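Residue strings, one per chain:
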Amino acid sequence: MPRAHFHQELERLERELASLGDLAATAVRSATRAVTDHDEVLARSVIAGDDALDHLYLELDQGVIALLALQAPVAADLRLVSVILHSSLHLERVGDQAVNVAKILRVTRDLPANPTIVQQIGEMGDIVVEMVLTAMEALRARSLELCLRLPTMDDPVDRLNRNMHFEVAKLAGDPKALDWGMHMNLASRALERVGDNAVDIAEQVSFLLTGEFREFTDASHPGGVVADVD
Amino acid sequence: MSGSGEGMELTQERVDGLVVGDDHHASRPVVGHRERVERAEPAAVFDIADLSVSYGDFRALRDVSLSIREHEITALIGPSGCGKTTFLRCLNRMNDLIEDARIEGQVRYHGVDLYDPRVDPVEVRRRIGMVFQKPNPFPKSIYDNVAFGPRIAGFDGDLEELVERSLRRAALWDEVKDKLKESGLALSGGQQQRLCIARAIATRPDVILMDEPCSALDPIATQRIEDLMQELIEDYTIIIVTHNMQQAARVSDRTAFFTVEVDEANGQRTGVVVEVAQTHAIFTNPSDERTEAYVTGRFG
Chain A
1 MPRAHFHQEL
11 ERLERELASL
21 GDLAATAVRS
31 ATRAVTDHDE
41 VLARSVIAGD
51 DALDHLYLEL
61 DQGVIALLAL
71 QAPVAADLRL
81 VSVILHSSLH
91 LERVGDQAVN
101 VAKILRVTRD
111 LPANPTIVQQ
121 IGEMGDIVVE
131 MVLTAMEALR
141 ARSLELCLRL
151 PTMDDPVDRL
161 NRNMHFEVAK
171 LAGDPKALDW
181 GMHMNLASRA
191 LERVGDNAVD
201 IAEQVSFLLT
211 GEFREFTDAS
221 HPGGVVADVD
Chain B
1 MSGSGEGMEL
11 TQERVDGLVV
21 GDDHHASRPV
31 VGHRERVERA
41 EPAAVFDIAD
51 LSVSYGDFRA
61 LRDVSLSIRE
71 HEITALIGPS
81 GCGKTTFLRC
91 LNRMNDLIED
101 ARIEGQVRYH
111 GVDLYDPRVD
121 PVEVRRRIGM
131 VFQKPNPFPK
141 SIYDNVAFGP
151 RIAGFDGDLE
161 ELVERSLRRA
171 ALWDEVKDKL
181 KESGLALSGG
191 QQQRLCIARA
201 IATRPDVILM
211 DEPCSALDPI
221 ATQRIEDLMQ
231 ELIEDYTIII
241 VTHNMQQAAR
251 VSDRTAFFTV
261 EVDEANGQRT
271 GVVVEVAQTH
281 AIFTNPSDER
291 TEAYVTGRFG
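Going line by line, the protein sequences match chains A and B.
Take the first sequence: its position 88, counted from the start at 1, is 88 in our numbering, and no numbers get skipped.
Take the second sequence: its position 282, counted from the start at 1, is 282 in our numbering, and no numbers get skipped.
Everything labelled a hint here was simulated from the structure, so no lab data went into it.
Note that the structure is predicted; figures quoted are calculated from it, not measured.
Since no wrong hints were added, every one of them can be taken at face value.
Output of the computed footprint for chain A on chain B, the stretches with three or more beta carbons under 8 angstroms from beta carbons of chain A:
1. 244-252
2. 278-285
Okay, the calculated beta carbon distance ranges per label pair:
3. Q278(B) <-> A66(A): 21 to 31 angstroms
4. Q278(B) <-> R159(A): 36 to 46 angstroms
5. A265(B) <-> Q8(A): 35 to 45 angstroms
6. E145(A) <-> E289(B): 18 to 28 angstroms
Incomplete in silico selection of chain A near chain B, CB under 8 angstroms:
7. V74
8. A75
9. A76
10. L78
The beta carbon of each residue, even a glycine, is placed where N, CA and C say it ideally should be.
Only chain B is shown next, with the shape it has when bound in the complex (with noise of 0.2 angstroms):
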């Protein structure tokens, strides 16, 4: 992984204190206040170039570039094995905690090398939120799910206000302010997912990675999320990993494809990008043959 910092200096601003000894931390701006900028084109949140996976001798994903523009939601699609989850995992640091996970190429957020041996991991997941397929509350209060993450990171602000403007970001607070006490594992389905994306926006992160977030929701909680989601892009970046490609088509605004190659010499199965593209044209009008077999339904 290369360790240039190059480019740091083009986004002060926006890595503030991503990189350890950097003393600005308390000047990064505050998610959800950012001043709308009229672009015809997206800036990009994260720039990603010939990035590949390996789990020991077992490479996961190969030469993957593509961009992440900023408010907007990216659907990653594609068959079981493709790579889409260990892409997303990328994003914040999470494949570190993989003990013989190998990382080539290069992931850029706002400029900063990601992957650069200064940046602090605890601060990119930090700013780099992550929803899971199964919603994992903790074993805790509604209130202190939410309060975990803040004070963790040492919030000195009033941590109340800040538990209950994230529970009504996350679409949950009129549900659940009378029984802040209670704990999460009580909620429903539909509803601890919200209390993670509550939890998740507490941190006032820039990135919201969801990982399947209603696989496991009926479709009325599966509905919900997606409003939510709607809702929370004017505010953030989110990056969604789905096997329903009709939610892909519902809420996204671009659309990445993956699939699997098999390598006919050792029958090895690798992730690629096949095509990234807007929405409405991967499933009106896609450009790879292989993007139109598989939204089509006629492989996978």
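Bound conformation, chain A alone (with noise of 0.2 angstroms):
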């Protein structure tokens, strides 16, 4: 007999993951732009929406150990499962680096601040949340091809992240705008993060699809090497 409700507890569960990804992507957005902006308001925002974002990873974790516990799902739908369990906790993290460079604009609102760093940190902010939505639309739309434009979308960030530390660098002759730089250097490396965080996403999609589990990027191979786990 088709399991007509254990689908649909699924499918919701997809759901909510869903929307954890918008707000994650929403709050990585505002707190980019609370920097970049100058806006208080915006960071206040992305600090105490953390708590929604936090209940709603706190609901899909119950959600996906009843499902273990009750339902015992096998093939494809245990592969779904583990990717909401996954990619529900990457998501968190999303929201909380999110914080974290939200939270940057209270220490640095008062120290000068340097035009290409903020446009960089803009960017990085751009790309990272185009990420997030690109390996959440992988998941809605089953798109191995969205998973695998992943890694290649966070060149950029990891390039522009490891710049920061020179443009920074640059800052050394005035303390106070290097006390700004070094938090920028936080910011940087926070966003840098959610990328990472997002080709994560990717990959457990990935694993969804094709029921390998791969490794797009490996930190500890950085001459490409990816490595295979059966």
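The task is to assemble the complex, starting from two chains supplied on their own in separate frames and drawing on the hints.
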């Protein structure tokens, strides 16, 4: 007999994950804009909004545990449950990184900003938000092609993050500017992690679609060696 | 059915006594003391090729080809009417007992054509034992249930020792050792099923076929049978038909998924094998979308 109730519940959890993805992407977009535009109201809304994100994550977590306990999913259903469990945690962390970025505005608002760095933070924010949305669209559309776009999208983010260090070092002659710059380096690192979380979600979706887990990028093998895990 | 007997010489030690007129009966290997050989892949006990089974005009099973590996538990799953039990009954020639059953294709047991006219079906059923859905002890004492097969086969060793060993192997000895003279029918359902397993073991088989052995049992009794299967697999090869997919997932090494194909012209329903693979693969990443649909409950 078809397991209608089980599949309805699984679809509901996937919809909730999509909502979590929207919340997380919005949080990162707002946090980045708050920093680049000096928008304290926006920053406060990101920090306050994280509770909703955490609540949704916990709901998903409990829903997945209940499904595993009660329905014993197998095959593609089991892989989808695993994707929901892992991806929800990645998105919760994306939300935390948005909060980290938003909080930086509090301690930097009275410090002199550097326009080049502000522009780079804005650029990184735009790309990683697009990465999160692409990974979530890959899940919605069950698209391996979209999954495989993520590592390429991540390249400029990594490049901008590495370059941020040098841009900040240029501010060494002005202690206040340097103080501001070092916080922007933290914001850059937080956004770079968002990009990595998006790649991780795409890896999960790829696992759902192919049945094989494959790391797209591997920090411990920067030469491009990619690990396959059976 | 091919009657060539081709390949017999390759596995002589394993099939001595199977063929009528063979005088090597006494030298056959004692099951349970077989030397374990480390292998990358277990040897095949059964090689089934293009097996089709018909009952009169009704074709129950079509073109089944698969191997059953030694010391593994193979689970047969699939919807009702897909031919799982029909297939199981082909493996110890139980279908011979059905008048209009017709078997085509090949069933090789350790390389021997099981349907070679020279093969003794009684000896086949001794080596390839069967445990049924409903426990079916004889209306005899516990002791006599276990001793029945060996007596019929002319066993001339220490029968008491054999009965005790079989009951211990079936994880029943401690529960019945003080009431061996009592009727087997007085036992609980789970104990009766373990008695049937002891009875099957007593004839020193090579393979145990199980046709939904837990479907009439409660969860505790089911767990005991599943644990027992894991112990028995050291010495035997087990093939289990089960409707409980979680049971297949829990106990088996490999799983064969059968399904029903309906002939649009005449509406006739025939069983076919869709996929045979490691159980882990069947339940995490099946190759065939029909398997996927069945195990995830989207079909059947």
